[in-house]
Each structure stands twice: as structure tokens, then as C-alpha cells.
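Here the protein sequences line up with chains C and A, keeping their order. Per numbering that gives the first Met the number 0, the very first residue in the first sequence carries number 0; after that it's consecutive. Per numbering that gives the first Met the number 0, the very first residue in the second sequence carries number 0; after that it's consecutive.
Treat the hints as calculated values from the structure; they're not laboratory data. Predicted model, so just to flag it, every value in this text is computed and none were measured. Backbone N, C-alpha and C fix where the C-beta goes; we use that ideal spot for every residue, glycine too. Among the hints, erroneous ones may be present.
What the hints assert, rightly or not - Derived contacts from chain C toward chain A, CB cut-off under 7 Å, selection only:
| # | residue |
| --- | --- |
| 1 | S182 |
| 2 | K186 |
| 3 | R187 |
| 4 | F191 |
To be verified - Straight-line Cα separation of at most 30 Å, DSS-like style, residue types lysine-lysine; simulated pairs:
| # | chain 1 | residue 1 | chain 2 | residue 2 |
| --- | --- | --- | --- | --- |
| 5 | A | K244 | C | K271 |
| 6 | C | K234 | A | K244 |
| 7 | A | K244 | C | K137 |
| 8 | A | K278 | C | K137 |
| 9 | A | K244 | C | K235 |
| 10 | C | K186 | A | K244 |
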Amino acid sequence: MTTWFESPGDASARLRAAGYLTDDATALTAYLAGALEKPLLIEGPAGVGKTELAKAVARATGAELVRLQCYEGLDEARALYEWNYKKQLLRIQASQGDAAWSEVHDDIFTEEFLLTRPLLSAIRRDEPTVLLIDEVDKTDVEVEGLLLEVLSDFQVTIPELGTVSATRRPFVVLTSNASRELSEAVKRRCLFLHLGYPDAERERAIVAGQVPGIDDRVVAQLVDVVVRLRELELKKAPSIAESVDWARTLVALQVGDLDEATVARTLGVVLKHASDQQRAARELKLATG
Amino acid sequence: MSLLDTHIGFVEALRSAGLPVSLAEGLDAISALERVRWHDRETVRAAYAATLVKRQPQRVTFDAVFDIWFPRLVGSGVAGDGLEPVAGPQDTGAALERFREALAEALASGDAQALQDLAVEAVARFGAMPGRGPGLSSWSAYTSLQRVAPSELVEGLVRGLLAGGMDPEQAERVAGRRVGEFTRLVEGDARRRIAEEKGAEHVVGATVRPTIDRLDFTAARRSDLEEMRREIYPLARRLAARLTKEQHARRRGPLDVRRTVRASIATGGVPLETHHRPKRPHRTDLVVLCDVSGSVASFAQFTLLLVFALREAFGNVRAFTFVDDVVEVSDTFRPGADVVEVMESLAASASQAALWGRTNYGRALTRFAEEHGDAIGPRSSLLVLGDGRSNYSDLALPVLADLAGRARHAWWLNPEHRRHWGTGDSAADRYGEVVPMVECRNLAQLGEFVHEVVRPHPTR
């Protein structure tokens, strides 16, 4: 059995070393997910670091990351495994005449003809693995049924080969934007973590950590503005990813002081709707040209 | 009470507060608690939250129940020893003055710990209601807030912040937030006191509010309405995602020969998978007629915002508001318009829709049929929003029946509980005979209804 993290404090310290600043609840939940060997379901608005947490866990524990990006229409053949029927066809054609059918039949359903997809690869790996199932809310309900077997028993049944069980349980992270309610069955098997916008202090630390060479004073000003923007009624409130982008923009523009004119000029980096920009300009009393 | 009893009681309380906590999740929580240290209350809270709460809107409820079952402290706490309730009507007493000075100081510095301690003190000294009969709680957040009156401290606080170099608007916002925080702390502490006295299991049902999507429109406070408004866009997005999925699931039209043959080449000419042409999605034209008089205004606004946020799902949407006269407001909802602006112009239109200012459904319906009757045709659906309280005036039932008869579908959404329909001046039951009436009291019900209207129906 792998120990992923020794304690919540250890999780926090090692994730920090991997470049991911957690709050207490996040560190504790990450630790529990490892200790209880349960999948971790992370929900939250876009750009708060859901996917990044999975990557950071992989970096912090030296595990390899296997990623399954979900989308509408994802099916078994893309998520789990598929038989390489072209190769099978070749095998049959190559052996025509000189082999008995029963031999060929046994032969073409072996490992050699199996194409493993992320879920099966993650289970069959012997080394520590972080399995990231990204944007799980984008899939159809049928795929959730498929996930159930994998998430609860960490095994996959292939009719021709039998059941493949995990020799070493992967650290599973599911992320969701909550564009659809996941089924109770999936949720029941997971630990749940909601990642929201961080408090000002942590956000300052994150921005400063992600963007080297930025002035502390600019970081403080930037986070102040972002916090105020989140209080407005906007269609899409800026998240951490936008703050970091903004900081990078300011570094690139060599801005040493975030004054109103600069905010007005670079607002497009943080707000992606025209009406949001107008609203922000009005509320922050910016002089827009 | 043993630890296990506390755990079982806590899980039961969560269930009665509406969180679907399964047996397996309860077991998960126990094995999670076995692996963390219990010296920190927040650790226990996070461990419980990770295993039991699987939906973010329920987190508020969870926190409230947790605070009752695992209180921060018992009684007045160690620091609060000797905090005797100040008896009698001492609204001007010296103790109160001293307390308010301390509170003003804590608010000015924004010290969270000091505010928490003061909240405990406020309930202990000014929130006690001794001598009440058995069964009635002897602590009250209301009483202590009335006496301490933190809202009167806002002005001084703003002045202090201004002197500290903040601009006026920001100072006011910060002041409002800090006083609101203190109020919340006092309410939480009063709940804790009451729970201590009467047993946690008796308090949960009475004091925990429903989650925001189950909160009645008519019972919402101002801050709730703002929170609901923030929920509209995520709700619309969820509905839109669900709709696209369902439309795609039903999209199998006639066989697409070219794509099927093309795909069969990969399998040696055997068409293993057939491909189909997409079906054209059907789009409904929608005419919304809403009562915007005081009592139901917020309900009408939410419904309109949601309908227009989902605009792509409909063919054409026209919206009319009425009190006793009818005004068209479709233009207010430009695509990409700002929510706050829309709300302001809606409020302005409400005054235009009132001729005498008393709700009159009969007159409004007649005027609508006269002036905008052509809006309704065989391709459009009619949606009426309102509580059907028409001040005992003429109901114009035949007019509504005629409108409903001309439309493809007609519904009436009523924000009142079904048991109030037809009571007092409500004509909900009589209108309900003409147009199918649907109860729509909260965001969850509203979302379900709108989804039902736009869902691709197999038989159409």
C-alpha cells in the first residue's frame, strides 16, 4: 500500500514545494483522499486550480499523471480499452489456411491486440499513478456507470481476458464545473472538495509565487482590484488564473504601479464580457477612452 | 453522550435538514476521522465536509448544523467567566456603553477574534431573557442586537476608515461588511446557547434556513435576493448544458449514407456503425406576461432573467409586465446586457404598468388582448406569472380562455404555496381551471419548469 501523504501538514508542505499553495481544508482533503484511497471530486468555478491540484499531487509524490479528458460522446472505446481490430484482421489474413480457427480465435484476443485507454492504463500501472478525470460533468450519464466499477473497486472487466485489478491503487482526481449534477452513485464513492476563490492573502502569495519578478506592491494592488471585481455582479467573475494572467501582462508591460489608467487599459485580461467591462469601469470609476 | 452517539445524532440532524447522507458516507466520515487529529475543530469540520457534503449549496446548512452539534465553546467559555446577564431594561446603562465602545474599537480594527469574543459577550450579557416559561428559549439574538444596536456604529466606523485613507465608497462597503459579520456571529452564538439549553436535536429544524435554491421567493430577504440573482446565470448555464445533451440524444434523423459508407472503410467495408443526419431542433416562441406588483415583483424578475438567459433555446421571446396596465419590456433584454441595468429598467417599467396602482388582472388581460393580442399565434406559448390576487375585481376569464385557446401551450406560474391558492382575494383556483397552474416557489422549481418547457418533446 502506498502512503501518499503522512499527514495534512505533510500534504500542505509537499504541495507547496510543488508550487501549489493550499488552504487547510484542501490539504486535509488531499491527505484523506490518499489515506482512505478514495477518489477526490473537486468542484468549483473555472480557473481556480482544480486540474492544477491533480498535477501538483503528481509532482509532489513523484507519481505519473494519467489524464482522461472528458467530453460529450466519450465512450468505452476511448476511456477504457479497445480491440485493435485492424491488427486482428491482418492476423487472420496472415494465418489463412495453415492454422485452426480455434487457435486464431484465442490468439487475436490477447494483450498484443489490446489498445489500453487512460482508465485501464492507470489501473495496470505498477508505479504510483495519479489518475485525473477532467471535466467529468461533460460526459454522458452512461460513462458515469462505467466509472463506477473503476472508482469503487479499481478493476475493469474485459470479457475476453477476465477482470483486471489494480496492483496499486491510483490517486484519482475528478474535476467538475458543476454544469450538470453528477449521479448520487458517483458522488457517494468520492470525497468532495469545493474550491472557491481564495482569500486576499493567499491570492497574493499565489500570484507572487506564479509570476516571478513582480513587485509586491503591484501584487497587493492587483489583488485588491480583483477582490472588488468579484463583489460586483458580473457574468464571469475573475478567478485565480485571470489574476495570474494579469500579473504576467503587467510584468510584460513593465508596469511598476497599477493606477487607474493601467487598469482601464488591461481590463480585457481579467474580464471577458463586454458588459462586464463596462460595468467594472463604471463601478471602479475608471476613465475609459 | 458518547462520541458515536454524537456522530449518529449529527448525521440524523443533517438528514432532517435535507442533506441526503447515506450510511456508506457516514462510515466514510468515521474512517476519515480516525486518520486526523481532533485538536482542531476546523479539521473535524473539514473531514466531515469532505465525506458528507457533496453539493456546494448545502455547505451553508452543513456549517450551521455543525456549529450546533460541535459548539465552539460551552456556556460563556473560559474567557467569559463572570459574564453575568445584565438584568432589566438597561438600554442606557454604563455596561452597555462600555461594551459599545469596545465593539466600535474591534470593528474599526477588523480583528476577527475580538469580534467573536464580543459576540459571545453580547449574547451572554444582553441577550438573556430570564424568567420565560419552560420550552421557550431564554437567549435571543434579536434582543441583544436591539440593545447593542451595531448598525448605529456604522457611521463612526466609516469616519474612522475615511481618516485611515480609504475612499468613501470602499469605506462604506467595508463598514457594512464588518457589521454584517458581527450580526452573523451574534446570531450563531445565540443558536449555540439555545442548543446547549434545549439539546441540539431540537434546534436544528427550527433555526436552519433552507439552501438558497429551495428558499421561497416570497420569504427571501434582500441579501437573499442578491444571492439568488447571482444564481440565475449558473442555473441557466446548467439548463442549457442539459438541453444540448438531450437534444443530441434525440438527434438521430434519417440515415446519412455518405458518412456511413465512409466510416465502413475502416472496418473492411462492413458498416458496423450507422451515421445519421441531425434533426432540426424545434424552437418555441414564448410570450411572457408577468405581474410586477410589489408582492410578486422579485419572482417575475427571476423568471424573466432566466427565460432571457436561455434565449437561444427559444425562437422568439416577448415579455410584457402589468399591474393594471400592460407594457412591453422585451427590448430591455438585449443579448449581453448587464444584469443590474436590466433590473433597474424593469423596476422603471413597473411604474408605467400601473395606472391606478392596484393589481387588476381582469383589466390587464383585457388590455393585453386588445393591444398585443397578435403576439399570440399557433406557434407561440403563453406563460403568465403571478399570484392571481386581483383585489376582488373582474377576472376576465373568457379573455384568458381565448388567449390560451389561440396559443400552442399555456401555463400559469404561481409563486404561492398551493395551499394558499383561492384564499382571500386569490383567484388562483378560478384561473387554474382555464390555464394549467404550476406552483413555482423557489429557484429549484423554476429551473425544473423552464426545463420542462424547452425540453425537446418526442411527440410534437
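Tested hints:
no.: 1; hint: S182; in the structure: violated (11 Å)
no.: 2; hint: K186; in the structure: holds (4 Å)
no.: 3; hint: R187; in the structure: holds (6 Å)
no.: 4; hint: F191; in the structure: holds (5 Å)
no.: 5; hint: A:K244 <-> C:K271; in the structure: holds (26 Å)
no.: 6; hint: C:K234 <-> A:K244; in the structure: holds (23 Å)
no.: 7; hint: A:K244 <-> C:K137; in the structure: holds (9 Å)
no.: 8; hint: A:K278 <-> C:K137; in the structure: holds (22 Å)
no.: 9; hint: A:K244 <-> C:K235; in the structure: holds (23 Å)
no.: 10; hint: C:K186 <-> A:K244; in the structure: holds (20 Å)
This entry does not satisfy hint 1, going by the numbered hints stated previously; all others are met.
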